[in-house]
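From first to last, the protein sequence lines are chains S and D. Each residue of the first sequence is one higher than the one before, starting from 206 at the first, in the working numbering. Each residue of the second sequence is one higher than the one before, starting from 5 at the first, in the working numbering.
A few of these clues could be false.
What the simulated footprint calls covered on chain S by chain D, stretch by stretch (three residues with Cβ under 8 Å from a Cβ of chain D suffice, anywhere in the stretch; the number is not a length) [as the list claims (entries may be wrong)]:
#	region
1	352-364
2	379-387
Sample of chain S residues with no beta-carbon within 10 Å of chain D, all distances over it, derived [said to hold, decoys possible]:
#	residue
3	Ala243
4	Leu408
5	Asp423
6	Gly628
7	Thr671
8	Gly704
Calculated directly from the structure, the hints in this document are not laboratory data. Note that the coordinates shown come from a computational prediction; the quantities given were computed from them, not determined experimentally. Where a beta carbon is used, it is the ideal one built from N, C-alpha and C, also for glycine.
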Amino acid sequence: MEFLSALDPLFFFLIFAGSLIGIVFGAIPGMTATMAVAVCLPLTYALDLNHGLALLLGLYVGGISGGLVPAILLNIPGTPSSITTTFDGYPMTQRGEGERALKVGIVSSLFGGLLSAAVLFFFAPVLADVAIKFSYVEKFLIIFFALTVIASLSRNLLMGLFSGVIGVWLALIGTYDVSYGGNGDTRLMFDFMEPYLAEGFSLLPVLIGLFGVATILDEAEKGIKENTADMKLSLQKGAKFSFSVFRKQKINLLRSGFIGTFIGMLPGVGGSAASVLSYTQAKNFSRHPEKLGTGEPEGVIASEASNNGLTGGALIPLLSLGIPGDSTTAVLIGAFTLQGVQVGPLFIGENLDTWNTMMVALLTANLMMFVTMFFAIKYIARVVMVPKYILYPIIMMMCVVGAYAINYGVMFDVWTLLLFGVGGYLAAKVGIEVAPLVIGFILGGQAEVYFVKSLESFGTLTIFFTKSPIAMFLWVLIFISVGYSIYTAVKAHRQKQAGDNGK
Amino acid sequence: MKKRTLSLCLAVGVIFLLSTTYSLAADKLISGNLRIVIGSKSTGGDTYQNSAIVADALAKKLDINVKVDAVGATAAFNTLKRVSNGSTVMIFHDQSYLGYLYGQKGYENPFEQYRIGPTVAINPGNAYLVAKKSPYKNVDEVLKACAEGNNIRVAIQPGGVSEIGYSAMKNAIKIQYPGKEECLVAVNRGSQSDKNQAMFDGLADVINGSVQANEQYTRLPADDQKAMSFIWLTARSKTIQQANPEGMGETSRADLLKYVDPNVNVTQDGKKNFTFDKEFFFLYNKDMNPAIVAELDRALSEIFAEGKIQETQKKSFFIPNFMPSSEAEAYLKDKMAQYEVILKALHK
């Protein structure tokens, strides 16, 4: 119990400060949990390992959670893993239920975070052994499974699939990076584009362009019609938050939390895939799948429980294999290396005190995040009361600053933001669907790497079906997901036809 | 009159203060903020760790703010080309010229494109490993297996430090067992995680790794799917000898010495063994003020003369290796020429 001596007031203060700063980073479009951890990493050099980790874990949990604020209130995902939060969160805000949506999101985040922390604490080494059973083939199938959400998210199936393909295509522009085992060659671009697009389009500028800038342009087109008095009315007119909303969502909460944890523990699959996958499952298992995407708390629960579930999950391979589970833990590992502490398969056994301290920090960070956000939300939600002609220029400025900062000052990222903002605004006019496009963009790059690497490793397409029982199980899930999407699309079509005939 | 005298005194005072501040600022070639971009995107890797140690020491010595940004090789080189005023410098390792020798995109001859700054440290941990259950227990058995016509798959990240040891083994087979070098096959993988996974999946017989990242795996019991054994550390014996006696983790310096030349034989030319020390050094914009170069040399000389940084470096399994700019450039140029010969011989 020597670790108890590390739990001094400074330790808890650092967790609190970390959570708070993390929430702010997560809530500002263009700034992420990863960026928060990266910015504060050098500070840990002056602290000891336990205090350093307290700060960074606070930042991690706060950063992942803060993303839900702009996603729900402004339709801009604060972090890539909160994209699916926008699908139902923003329609709820438009209906005047912004505060309720935020509270649903925060409670789900807490649940996901605590669930994953428990899984991490009790099963980390065992799950690390499970994680290494997932080779390129299984990882490709998981991404493929997540991509099936495109079918169920599309308003028009054909257009949605087309948009998804465009997203994948956009993701492939750039270099097939050697750090993924690629050949380092560029593709899908002309030579003159190489200085700008060698690394492809950056994810975050694309996201905040498509969601943020496009929304602002859309609003600009409508013109200034509202005033703050109207907004105040709309903020208060919707349903109030009550914990009873979770009564019928226990399975959804658990499933989403577990999906987040599970995806988190697979290195290289990433946080966005977690929320996309759990959103797909929420839709597939929902009694009213057609309602998801129109402002159902169910969707917010699925997205937020899974993206916070990711936190504990991503720490599993980090602490049991020495391999980060997502981009933020990839930065977090720096805290260990800066202190000269090795992380690997024997880390937990050899550093029990650090391990216990980390668990306390993770638990406390989740609770502090919850308390801070749950009680501050009343005031945060008021951001929608700021007149849009004042709010949007500020958001625009933050988006530009965030885009510029995301890769330590690359001007092309700002152009990417504007390009995708205008592109997204125009694309919507011709019927291209933004959500499938973004999902294609997020998952396309990984899908390619895992597909190509699977073929390189095994040399045959049949390996995708025969590699392992896990692969076969994933195929079953994929077929169910696709089949169900087709079934609901046909059902909706028939209902619409019946409705038309009845008129 | 009194008022006028007071005003005059005040004015003189302000002018004096301003001129002192100005002359102090002018005297200080490096002031305010110094940005160090590194050739790696990882903050968990050795480049960041080593750069953070140096940055911390420089910040204290020069009383400035130093920030290390893990931007990756391409972005770092681009930044370096753009900024010549000395506010941004780069720290990277042998990958800077190996990337060029291997023809990687984004890499140019660093000696022509940039100014080479001082070397600061060696990471002696570049390693090759096999699974604990592997039929091959050492490099000799691996090379002999190739000589017998068996394909040996080596997981590497192509085009640099990760590949150089693979190229050396291929070169050794070419010299010892001509015609059999094709039996050593590269399996292109990205991160360390991917290389490890290739071994877990049975898709690679040998993987490139490092003492820091893989040492714990070597202590797992043989029946664990993840268990590995070192077969070769590419560092020179005299480099490892400078490490702390406790080595890394539970693997002592004496244990590590079992995996280096002359206990491991990977011939370079039939006479001497191939070795490779991964060395970290500064790179500057070609047109950076020589006075700033000299100032950084001076600051680092003093830092290393004080001896504290060496302790920090050794604690983190780095071997201190300070050489001022001019010395470093000649030394690294020579090093590049040696590896160029090996790579050219392989492509003949």
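Least C-beta distance from Ala243/S to chain D larger than 10 Å
Answer for Ala243/S: violated, closest chain D Cβ roughly 6 Å.
With 10 Å as the threshold, tell me whether Leu408/S passes as away from chain D on beta-carbon distances.
holds, 14 Å
Exclusion check [Gly628/S not at the chain D interface, CB over 10 Å]
holds, 24 Å
If you count the residues of the region 379-387 of chain S with a beta-carbon closer than 8 Å to a beta-carbon of chain D, do you get 3 or more?
holds (count 7)
Coverage assertion for the region 352-364 of chain S with respect to chain D, Cβ distance below 8 Å, three residues required
violated (count 0)
Thr671/S and chain D, when compared Cβ to Cβ, separated by more than 10 Å:
holds, 14 Å
Using Cβ atoms and 10 Å as the threshold, tell me whether Gly704/S really stays out of contact range of chain D.
About 52 Å separates Gly704/S from the closest Cβ of chain D, which puts it past 10 Å; holds.
Non-interface claim for Asp423/S: all C-beta distances to chain D beyond 10 Å?
holds, 33 Å
In the structure shown, a violation is registered for the earlier hints numbered 1, 3, in ascending order.
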